[in-house]
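Protein chains: 4
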Amino acid sequence: MKRVIAVIGGRRVKKGLLLMAEDVGRLIAERGAVLLCGGLGGIMEASAKGAKDAGGLTLGVLPQDDKGHANPFIDIPVATGLGIGRNVIIARTADAFVAIGGQYGTLSEIAFSLQLKKPVIGIETWDIDGVIRAETPEDAVRKIFDNLKYKSVL
Amino acid sequence: MKRVIAVIGGRRVKKGLLLMAEDVGRLIAERGAVLLCGGLGGIMEASAKGAKDAGGLTLGVLPQDDKGHANPFIDIPVATGLGIGRNVIIARTADAFVAIGGQYGTLSEIAFSLQLKKPVIGIETWDIDGVIRAETPEDAVRKIFDNLKYKSVL
Amino acid sequence: MKRVIAVIGGRRVKKGLLLMAEDVGRLIAERGAVLLCGGLGGIMEASAKGAKDAGGLTLGVLPQDDKGHANPFIDIPVATGLGIGRNVIIARTADAFVAIGGQYGTLSEIAFSLQLKKPVIGIETWDIDGVIRAETPEDAVRKIFDNLKYKSVL
Amino acid sequence: MKRVIAVIGGRRVKKGLLLMAEDVGRLIAERGAVLLCGGLGGIMEASAKGAKDAGGLTLGVLPQDDKGHANPFIDIPVATGLGIGRNVIIARTADAFVAIGGQYGTLSEIAFSLQLKKPVIGIETWDIDGVIRAETPEDAVRKIFDNLKYKSVL
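Residue numbers (numbering that gives the first Met the number 0), protein chains in the order written: chain D, 0 to 153; chain G, 0 to 153; chain C, 0 to 153; chain W, 0 to 153.
Here chain D stands alone, though its shape is the one from the complex (with noise of 0.2 angstroms):
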């Protein structure tokens, strides 16, 4: 089984944020984990990019029934019609979470990830008791990697 990381956060957010996630995509896929995202634009398409250029694997659980939607960095788009409630899914099926600003989209999906008591590195986010606060990329991707519980299958 491979290890599955994901960066969450907004569609509109400001450059500097979309060159930080693009960063963590591409150090997510260094170590060798698929990197998954909501599939959509802005920090999701930002992550995937980054994780792409470093020839990750990328997987995009999208809120359409379609996969027309899907950003072109997605390889694997799983289309849930589900809308906002697709990130219940994305809570369920990574191992950790790096949220990268964000609106309340991004919080629910912090709520279901610290609810399902999985580690949740926080880039300039809301500030919610369990959130572990990251400075850059770097900061981000090593502290998922040292909070994460099982050893890599990879």
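FYI, nobody ran anything at the bench for these hints, they're computed from the structure.
Only true hints are included.
Treat identical chains as interchangeable: a pair holds within one or across any two.
Listed below are the simulated DSSO-like cross-link pairs for lysine-lysine, each with C-alpha atoms no more than 30 angstroms apart in a straight line:
hint: 1; residue 1: 48; residue 2: 1
hint: 2; residue 1: 66; residue 2: 142
hint: 3; residue 1: 1; residue 2: 51
Using the hints provided, position chains G, C and W relative to the given structure of chain D.
Same frame as chain D, now just chains G, C and W:
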């Protein structure tokens, strides 16, 4: 179409919050609205009990796939089988929300409801931008109906 | 807890089946059960109209994430936002089913209901092993209540 | 975007069908497509084993909310937590389907896939209008790729 008001909150809360949930349920029923909740114990059960005591109708949107899990004050259990993913159905189905106490599950519910631009009144709950604070059940229910955009059809 | 009977079937069906759906809805309401349907047009709307004409309560489990899609005979729309995935929630929530006509959507509903070992009565619908055939609305509703394992709590 | 082919079928099936599922999985992987299944035992496990033996990539869309339920041949489990409702996500995510044997769960999967107008090839499964029958794994996989509307992107 009947007006539907949801009461959200955790299973394990202190006594004072349960009494407030019961009062909120009663006041919602007295206003002629359907009481919607997650169908289980704690705040959910207290609010449903209050609504039933006032002769109201109660709907419980359960995480489980079997209606037998509903608390005894639920008239109509909806067995979603979605686990904590049922929170998004509560968010989509209610016209407004009263959040009382609560942990991460309640936080995801608040996030979804605010994402859908619906009024969320909070009593001793998460301090999230967008939540309208109330101090008492009467205050909470008054603020719900003040914030509902459409006139009651009852 | 109220008894809940679902009427399932397509949106585009011939007139004769709509009249039968209306009669089935009426008879379900006269027995004191809640009428559950998919909340949209065709068989769903006809059965809800029948139930309302008899003074019953109607619940519509919608594919959409907005309650505005419910037909005018639905008292309480449940906005699932799951698309055709809402069929499994109908299967889990109803105590028994009357299938009238229908295409592939109705077939998935029949399959889920039989998988959950619940009684499915069919009028001019898919010929699937396990479906109990009925010729008239009266015959269908009598067979539903004969097949319900638990006594009505109404 | 990678091409995704689903193999659907039950957990308890006779040996001959398991061998056919394994062959179908192998042939799908040899064509360069991702093998998607329900992630559990029986037909699901046999098809995933076949795909892995041929060096393919396997995705398991699980009913459970915990990835630990996946069979050992699944590279990436998607933990939906939707129970049998996960069938609709399989239907939305795959480009085409091979149904082998199966009970009511498989019937719901066939119904959803046909409702979404996707090709369904059947080997000793439900005789539903719209299913394209095949006699052997080679025949089934050939008919899948003949029926796919869009050219492979691999």
